[in-house]
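Visitor: The lines below spell out each chain.
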Amino acid sequence: MLEQLKDLHAQALEELNKVDNPRELELWRVRHLGKKSSLTRMLRSLATLPLEKRRKVGAQANEIKKALESSLEERRKLLEEALLTSPLESQRLDVTLPGRPLPVGRLHPTTQILSEICDVFKNMGFQVIEGPDVEWDYYNFEALNIPQHHPARDMFATLWIDAGMGEKARLLRTHTSPMQIRLMERERPPIRAIVPGRTYRYEATDATHESMFYQVEGLAVDKGITMGDLKGTLFDFCRCLFGEERKVRFRCDYFPFVEPGVEVAIGCSACDGAGCRLCGYSGWLEILGAGMVHPDVLTRVDIDPGLYSGFAFGLGVERIPMLRYGIDDIRLFYSNDLRFLRQF
Amino acid sequence: MKVALKWLRDYVDIKLTPEDLAEMLTMAGLEVKGIQTTGGTWDNVVIGEVIALNPHPNADRLKLATVDLGTGQVTTVCGAPNIELGQRVPFAHIGARLIDPHTEETVLLKPAKIRGVASEGMVCSEKELGISDSHEGILALPPEAPIGTPLNAYLGDVIFDLDVTPNRPDCLSVIGVAREIAALTGEPLRLSPIHYGELEKPIDSFASVDIAEPDLCSRYCASLITGIKIAPSPGWLQQRLNSCGMRPINNVVDVTNYVMLEYGQPLHAFDYHKLKGRQIIVRRAGNGENIISLDGTKRALNPDILLIADKEEAVAVAGIMGGLDSEVTDQTDTILLESANFNQATIRRGCSHLQLQSEASIRFDKGLNSELPLLPLKRATQLLLELAGGRAAKGIIDVYPGKSKPRPILLTAREVERLSGLEVNIDEILKLLKTLGFECQEGDSGSQISVSVPYWRSDVKCSADLVEEVVRIIGYERIPITRLGSPLPQQKSKLSPSARQSNLKEKLRSMLTGFGFQEILTYSLVSLEKLQKLSPKLELKIPPLKVANPMTREQEYLRTSLRAGLLSTLSHNQKFGQAGIRLFEIGKVFLPRGKDLPEEKDMLCAVLSGSRTELSWQADKGSLDFFDAKGVVENLLNQLGLKVTFDIGDDEILFPGRGADIIVKDEKVGIVGDVHPRVTQAFELSNAVCLIEIDLEKLLTKLTGTKEYQPIPRFPSVTRDIALVIDEQVNYRTVESIIRNFPLVTQVALFDLYQGKQIPEGKKSFAIRIIYQSPKHTLTDEEVDQTQEQMLARLHQELGATLRD
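Residue numbers (our numbering), protein chains in the order written: chain D, 36 to 379; chain C, -2 to 802.
Please note: incorrect hints may appear among the correct ones.
Going by beta-carbon spacing under 7 Å, a handful of chain C positions derived as facing chain D [unchecked claim]: (1) L105; (2) A109; (3) G418; (4) N422; (5) I423; (6) R475; (7) P477; (8) G513; (9) F514; (10) T566; (11) S568; (12) L588; (13) G591; (14) P595.
Since the hints were made in silico from the structure, they are not lab data. C-beta atoms are modelled at their ideal positions from N, C-alpha and C, and glycine is treated no differently.
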């Protein structure tokens, strides 16, 4: 009997090793551990044996049963594992098939860059405000030291609103600077704000000129603000937007509503300063005009220029993505071709 | 303004390379846009004299020219028609780099035999030297051109193209630029003294000047020369005018232009004998008065225009252009030379009225100082006597009604530091200002200086202007980099109107892009035609604001809605084969308010058209329709925490019966629907289009900004589905509102709408899932059955609805 049990065990194990799917495993279980299996039958027949032999064979048979059961468990785990690691052919996917499409929406590149610019200045404590696109002559020009017939009016080709006789002149703002005045009229120092918005020019359009474009105006007024602070603020801004390595130039320039006046340029991205068509062979790309708020402007809004000082700057927005992405035609921005917009 | 390096060197020593000088000027505010070098390639070209001309043995049109180069003589073949004996010419040796006049490429000159005669080099044309495009003949040099000198040393130069800002008319002159260079490099400025003999009778016996408009002409100076000989100017003068981009005419005109370039003061020469009544009158033009200007054009004048007139008529438009009748001609023997100051605004108005600009008006337009005219007048008189002979009248006419005494400006080192952040000691400030021509006096305390502004710097008016002068000469690169240290202004509340507005726009942008919409930004200006096309009847509901001087008809009116921009953009992109398109714009519209500034209102507009998804094996194959648009609106407003309902709409851009008003808290905040086919046709749209428009200002008033927490239900819910058969006229909303009116109903969802087989004609079937829940206890089947029975009874009673079998 004991020999028989040993053979049974050996044979069962041998068969088990050949089992390679759950269905066969179940069949094996029925065959070797089921009610009709030889082992069960043998255990059942134990009763007919003499006591001593019964004890001996019984112990042996139970041991083998336990061993087979644990081998079965092992085999089951092995098969399950195998099934998860290498699934059946019928469950295999052609993973190269395209996924289910979702409509994809994007922000306009100008919106994207505006929020990038605003974030930089917000982190420096500037508040973001907006102002009207249609302005009085006073805010766009006169209050900014550009009275009628001032030669600097040549710098701002203006689109005027149709007006009847004797009506005050309205125009499409040529820069965001009128908001300097509106802001200082309603608030007292300390002032620290930026104004993003649309600006307009009476200008024939070409690859580098648009009749409508965005600017971001900046203004900080308080006691003790210097050109050094202006330089620091704008250099920080340029580093944030253009990276640590980009060269920045701070030179004297003229805008009637600031004194001293400043122009900020960055090293040309196309030629790295060597000079090319993009930068007009100068190696530099102008990105903004700035300066210390003119004492006459401060006086006009009732801020004492002997006590307070401040800086202002005006930044051309489209120029930045144009440089960053190598866009060579500003007209692409507002003609809204999806083949252009979907690239950003 | 173009300035030649050689000319600048008359007044200041320049040791820098042209590039370094350009960089220095640019940094200091005088931007050099370009540097043009002439003669850089003329290595083997020297000046020679033609000492013999013989016919070519084998060709009628060619000559054999013998040229003396100082070091020796060479013979060369020359075909130029203008070559003459005794002429000074540029001669290129073998190996010179010249421009091939036909291919325009630079080539090395090689030995050649022309019709059997060996040529040892050649006499060059302007084109071959790269000076101009002229190739009709050789370049004839002035007779004083030194033989044997390399051409580069004589003719070569560096021309700086300067972008002079409007505040610096003094830099529209060579001396002005030289003064900048002197201050920047620390070299002294050299100006030669002016003196000449006055051999003629006193000037008063020849002419008088009367300024009728002293406000518009603050000063009028004049000199007079008799017995002058009109001739071409000498070569050096012509060359200098050319280098600055001006065309030489004759010695008198050239001298006035030369001195204008030198000093920045425009001058004008009249033929004295053509001035009637021996009198100059500065007056306004009369109505209907005309003048024929130097360019031969008859120009209509008006009283805004200032004239120079003689006793009878206008002889020049003051500060803008001379008259043809009093022009200096070959016959002129006596000239009256004008150097005056005219009102800046008057010149500007005159130019804009006459649509005319000149080198003179460009300068007056920037505002010149009344102290300027005298010195340039004397300089021009001296030069004319040297170059055109004649006798100067004794004295100068100087009528000066506008003399004013400039007030000195006070400056301290503290002020320089307060504005610039740069610590500069007072001695350095004094030194720098002096090099620019400012006169400084130290005050008693030693810390304050009193600065007198030189007449050529009328742009300097206050201490901030002086700070700029000091800092730009020291160099902006020396300004320290510091960070704002002043206290931050008080931060605005999130609930302030501007914060809420920008917050709403940001949220909407982020949601809409999430829903698959592409943001666009379209022009604020549109054409009248497009605004009209938005209405099927081509009517304008709101008359838009018009631009008085539009660049194009396409951009003539301020938009009163975003609709035209969206529909045009959609149309443009459909033409390029984009299948399913979802676009939106958030932007301002401009609603006129009479003579006041328009109301500028933020709007949201979106359009949807074409296939719902791009072509795909797994795609939903349907087209975007009304319910896509409505779903977007519902999702947007729900996410903002608002309940939205829809009423039948009647906006004329929408197709009747397929448009709805968006209602929030009993007020219409926008519209949604299918665009009227007439409008889609007018915009050349190829598919049906749905449009959403929301007034963001109205929407903002509906947003309370606060949300209230609802406890999560503790008891399980019961779900029941019902299918109702109902008259097809009945709105779904009527059905739903009856259902929702029952207590315990927490959610209602329509999951099928069916018409067709098994449903009687004129009826439709709604399949609706209802979820019941109580906040107080677990619902029993009996409770739900009871509620639903009452509900069905009510639906039957009010709407005739029955349960579908």
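Visitor: Of the hints stated earlier, which fail here?
Guide: Hints 1, 2, 4, 5, 6, 11, 12, 13 are the ones this structure does not satisfy, whereas the remaining hints hold.
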